Amino acid sequence: MSAKIIEKKLIRPPDVFYYKVSAPLISKKARPGQFVIIRLNEKGERIPLSLADINPEEGTISLIVMAIGKTTSEMATMKAGDEILDLCGPLGQPTHIEKTGKVVLVGGGFGVAPLYPIAKAFKAAGNEVVTVMGARSRDLLVYEKEMNAVCDRVVVTTDDGSRGIKGPVTAALEQELSKGGADLVMAVGPAIMMKFVCRTTEPFKVKTIVSLNTIMIDGTGMCGGCRVRVGGETKFACADGPDFDGHLVDWDMLLGRQKMYVAQEKESFEAWKKRHAHAVSEGE
Amino acid sequence: MEEKKKPKIIPAKTPVPEQAPLARRSNFKEVSLGYTKELALEEASRCFGCKNRPCVGGCPVGVPIPEFIAFLKAGEFQKAINKIKETNLLPAVCGRVCPQENQCEKFCTLAKKHEAVAIGRLERFAADWERENGKGGTPPLPPPTGKKVAVVGSGPAGLTCAYDLAKQGHKVFIFEALHAPGGVLFYGIPEFRLPKDIVRREIESLRKMGVEIVTNAVIGKLITVDELLDDYDAVFISTGAGLPKFMNIEGENLNGVYSANEFLTRVNLMRAYQFPEYDTPIRVGERVAVVGGGNVAMDAARNALRLGAREVTLVYRRSEVELPARKEEVHHAREEGVRFELCVNPARIIGGNGWVEAIECVRMDLCEADESGRRSPKPITGSEFQIPVDTVIMAIGTGANPLVPQNTKGLALTKRGYIAADEETGKTSREGIYAGGDIVTGSATVISAMGAGRRAARAIHKYLSGEK
Ligand SMILES: Cc1cc2nc3c(=O)[nH]c(=O)nc-3n(C[C@H](O)[C@H](O)[C@H](O)COP(=O)(O)OP(=O)(O)OC[C@H]3O[C@@H](n4cnc5c(N)ncnc54)[C@H](O)[C@@H]3O)c2cc1C
Ligand SMILES: Cc1cc2nc3c(=O)[nH]c(=O)nc-3n(C[C@H](O)[C@H](O)[C@H](O)COP(=O)(O)OP(=O)(O)OC[C@H]3O[C@@H](n4cnc5c(N)ncnc54)[C@H](O)[C@@H]3O)c2cc1C
Ligand code: SF4
Ligand code: SF4
Ligand code: FES
Numbered sequence: 001m002s003a004k005i006i007e008k009k010l011i012r013p014p015d016v017f018y019y020k021v022s023a024p025l026i027s028k029k030a031r032p033g034q035f036v037i038i039r040l041n042e043k044g045e046r047i048p049l050s051l052a053d054i055n056p057e058e059g060t061i062s063l064i065v066m067a068i069g070k071t072t073s074e075m076a077t078m079k080a081g082d083e084i085l086d087l088c089g090p091l092g093q094p095t096h097i098e099k100t101g102k103v104v105l106v107g108g109g110f111g112v113a114p115l116y117p118i119a120k121a122f123k124a125a126g127n128e129v130v131t132v133m134g135a136r137s138r139d140l141l142v143y144e145k146e147m148n149a150v151c152d153r154v155v156v157t158t159d160d161g162s163r164g165i166k167g168p169v170t171a172a173l174e175q176e177l178s179k180g181g182a183d184l185v186m187a188v189g190p191a192i193m194m195k196f197v198c199r200t201t202e203p204f205k206v207k208t209i210v211s212l213n214t215i216m217i218d219g220t221g222m223c224g225g226c227r228v229r230v231g232g233e234t235k236f237a238c239a240d241g242p243d244f245d246g247h248l249v250d251w252d253m254l255l256g257r258q259k260m261y262v263a264q265e266k267e268s269f270e271a272w273k274k275r276h277a278h279a280v281s282e283g284e
Numbered sequence: 285m286e287e288k289k290k291p292k293i294i295p296a297k298t299p300v301p302e303q304a305p306l307a308r309r310s311n312f313k314e315v316s317l318g319y320t321k322e323l324a325l326e327e328a329s330r331c332f333g334c335k336n337r338p339c340v341g342g343c344p345v346g347v348p349i350p351e352f353i354a355f356l357k358a359g360e361f362q363k364a365i366n367k368i369k370e371t372n373l374l375p376a377v378c379g380r381v382c383p384q385e386n387q388c389e390k391f392c393t394l395a396k397k398h399e400a401v402a403i404g405r406l407e408r409f410a411a412d413w414e415r416e417n418g419k420g421g422t423p424p425l426p427p428p429t430g431k432k433v434a435v436v437g438s439g440p441a442g443l444t445c446a447y448d449l450a451k452q453g454h455k456v457f458i459f460e461a462l463h464a465p466g467g468v469l470f471y472g473i474p475e476f477r478l479p480k481d482i483v484r485r486e487i488e489s490l491r492k493m494g495v496e497i498v499t500n501a502v503i504g505k506l507i508t509v510d511e512l513l514d515d516y517d518a519v520f521i522s523t524g525a526g527l528p529k530f531m532n533i534e535g536e537n538l539n540g541v542y543s544a545n546e547f548l549t550r551v552n553l554m555r556a557y558q559f560p561e562y563d564t565p566i567r568v569g570e571r572v573a574v575v576g577g578g579n580v581a582m583d584a585a586r587n588a589l590r591l592g593a594r595e596v597t598l599v600y601r602r603s604e605v606e607l608p609a610r611k612e613e614v615h616h617a618r619e620e621g622v623r624f625e626l627c628v629n630p631a632r633i634i635g636g637n638g639w640v641e642a643i644e645c646v647r648m649d650l651c652e653a654d655e656s657g658r659r660s661p662k663p664i665t666g667s668e669f670q671i672p673v674d675t676v677i678m679a680i681g682t683g684a685n686p687l688v689p690q691n692t693k694g695l696a697l698t699k700r701g702y703i704a705a706d707e708e709t710g711k712t713s714r715e716g717i718y719a720g721g722d723i724v725t726g727s728a729t730v731i732s733a734m735g736a737g738r739r740a741a742r743a744i745h746k747y748l749s750g751e752k
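These protein sequence lines are chains A and B, in that order. Everything in the first sequence is counted per the numbering used here, starting at 1 for the first residue and increasing by one. Everything in the second sequence is counted per the numbering used here, starting at 285 for the first residue and increasing by one.
I should point out that these hints are in silico values taken from the structure, not numbers from a laboratory. Since we're looking at a predicted model, the values are computed, not measured. Beta carbons: idealized from backbone N, C-alpha and C, even for Gly. Please note that a few of the clues may not be correct.
[Unchecked claim] Computed list of lysine-lysine pairs in DSS-like fashion (alpha-carbon distance at most 27 Å, straight line):
hint, chain 1, residue 1, chain 2, residue 2
1, B, Lys693, A, Lys235
2, B, Lys455, A, Lys29
3, A, Lys28, B, Lys432
4, A, Lys235, B, Lys699
5, B, Lys492, A, Lys43
6, B, Lys529, A, Lys259
7, B, Lys529, A, Lys235
8, A, Lys28, B, Lys693
9, A, Lys207, A, Lys235
10, A, Lys28, A, Lys99
[To be verified] One-sided and incomplete, this derived list gives chain A residues near chain B with beta-carbon spacing under 10 Å:
hint, residue
11, Gly44
12, Thr71
13, Val228
14, Met253
15, Met260
Given these sequences and hints, build the entire structure.
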């Protein structure tokens, strides 16, 4: 099944894009915390992307993608009306949503985007939802307005202090936990950030769920490429996850395995940039 | 068939032209070039046309072997292929990948004292002849019955079931999780053994018969089997045995350790061998160890050579005679330079900075098979040794993927997590749900999966026609 891009926006210059994609069936089935796998064209690779919004009435899903390499940059050159050759999903287990009391969501960079449907769901389940979101500087924050609309409170941090509290998200999280505690913490973002979030929450003994971003291919449990160690057991992030108890995750293995193809990814990106110098310079 | 005078015995198979081992190590083209017309006629002449047809009994779908070979002898190639197709939907595939030495050829009269008739090669010849001469048509279809069947998974079991049901006038939809149909034929078995073009064409002819194939459709996630039953009159589950096994030894999660499924999927489905023209990367390095002894292990080892590995070692814990792979693949792998370390088991994988550096193995005692069949090999203490490698590929088997069972209420499973289904009909514990192929038997063969698809199609047709 291919899927048409209905809307595309640059939401954080220069490299974070919002896509609304027509996916009637997926939108009916998808739950917060799940993801899709896309392949842009015949020669393309399969990459996983989280659902940043799910709209069954409209029959659409939204994706927020940061252009960091070959495939994501190629996607950045696509426009509304273009077709994504393959769209497969919803994949993974939905985030476990229940009424627990106070939930603190932690998002780093554009990792805030996939937290948006999760925040809505926790809120709808009757929780108090606080989001702590951080970025290097104010220009790099995404989804602040959207999160404000669905959360009880949003705490913003920037490394350079250009907006909100100056410092890393973990510092703001620590403050939040010392002040008011929490019944559940959930973090989405770069692996290194999630690792430090887990370190921060450990002394508070707050259960911390993380959404792991391993390298994936099929996304159905067939290849084992996405394997992670959780609590001493091998799990497949695409089928058993992507959500896991962050205090049980072997972070060093995850961080190591994400680097498996760094050299090839660079080669592929450079070759693509040469071929598409024109499209890239146009930005959008 | 008349046998007036005793036929002359030609003891050995007519050799088949192949790419030379050294040349083929550096390309992904098919290894065996197949018989020419002349060679096929020569080989066909070795067949006695035995009246008791022992060979047919060895074929899981009962291909009428003496009859099709008789047509070949007479130069009636179209009739030969039509004969085969009476029971075998994918002769171009089976002729190439069936473990003939355990099936049809094992029971050939000639095999008692000499080499069996090369049934597989002849079958392939007939199928290739038809394709090359553009004769492959689709069978005439009866008027539509108005019944709809959903097939889950597009491997050989699903394709065969779809074909047989379409032939009865039922409307068939195949749902496939990946972006390309074909199952293991497409993502697992390599190009140099089974050109993907052949698989594509077979699937094209199914489409011409009105079978719809929906790709990127993960059943259990996008649509559940129960939801399918709302829209379809019956469901056939043929999702294969795709869950890769690991050994749970130290170092298995280092960078550079692949499951064979991941390795082969990257190469076949994603065409990593054409990186960076195709986006998906793969890393093999200089030295590779493959753990296992089946077709999957041979395929991984030979792919690794073709991707530029200098040294590929296959590590298998039992002895030569027990290698489960097709004999031809073992032979081809040896010719291409794959090293075999037999009666050896991996103990751990050693790494530095997160990357594989060596595999430590231990030699096994009681490894040779005895009269009673398999003994259980035991490690010999102190026999540990290391093979320096950049890549380790685990090809030690697969299990049942729990995705469909988990999301289908009341579907009875076996102890090992496979779907419990009647062997003759594919009936499961749920009315209207049938299953067959590797998801029922565990990893088996292409032709046995096809046989299961065919038997289930027969039962589904009966069910749809109101005979229960
Ligand atoms: C469950 C999940 C959800 C994700 N959600 C989002 C999202 O909502 N938005 C977003 O922008 N990104 C998301 N990602 C990450 C995204 O998949 C990668 O950024 C993308 O694959 C990079 O591809 P590239 O060719 O542009 O870059 P590359 O240069 O090929 O890769 C850059 C980095 O991305 C990772 N990566 C590469 N290939 C893959 C792959 N096949 N599968 C997974 N990771 C890979 C690697 O760590 C790599 O170093 C998610 C990843 C996972 C596993
Ligand atoms: C590398 C390799 C080499 C082999 N070599 C040989 C050989 O030489 N000779 C031989 O006879 N046999 C060989 N085999 C075994 C043979 O390929 C299998 O026994 C056969 O393919 C099983 O067929 P199947 O239809 O049951 O399943 P498969 O071929 O496994 O097909 C199952 C299909 O279902 C799809 N699927 C899974 N889950 C879902 C879902 N939830 N929703 C939708 N679709 C789904 C999968 O993506 C797949 O396409 C080999 C196997 C491998 C892996
Ligand atoms: S289908 Fe396989 S087993 Fe049957 S005759 Fe052909 S090669 Fe032999
Ligand atoms: S058993 Fe051998 S010789 Fe006899 S009919 Fe079969 S293939 Fe021919
Ligand atoms: S991506 Fe292949 S098993 Fe998870």
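Quiz item: Does the structure break any of the earlier hints, and which numbers would those be?
Solution: Checked against the structure, no hint fails, so every one of them is satisfied.
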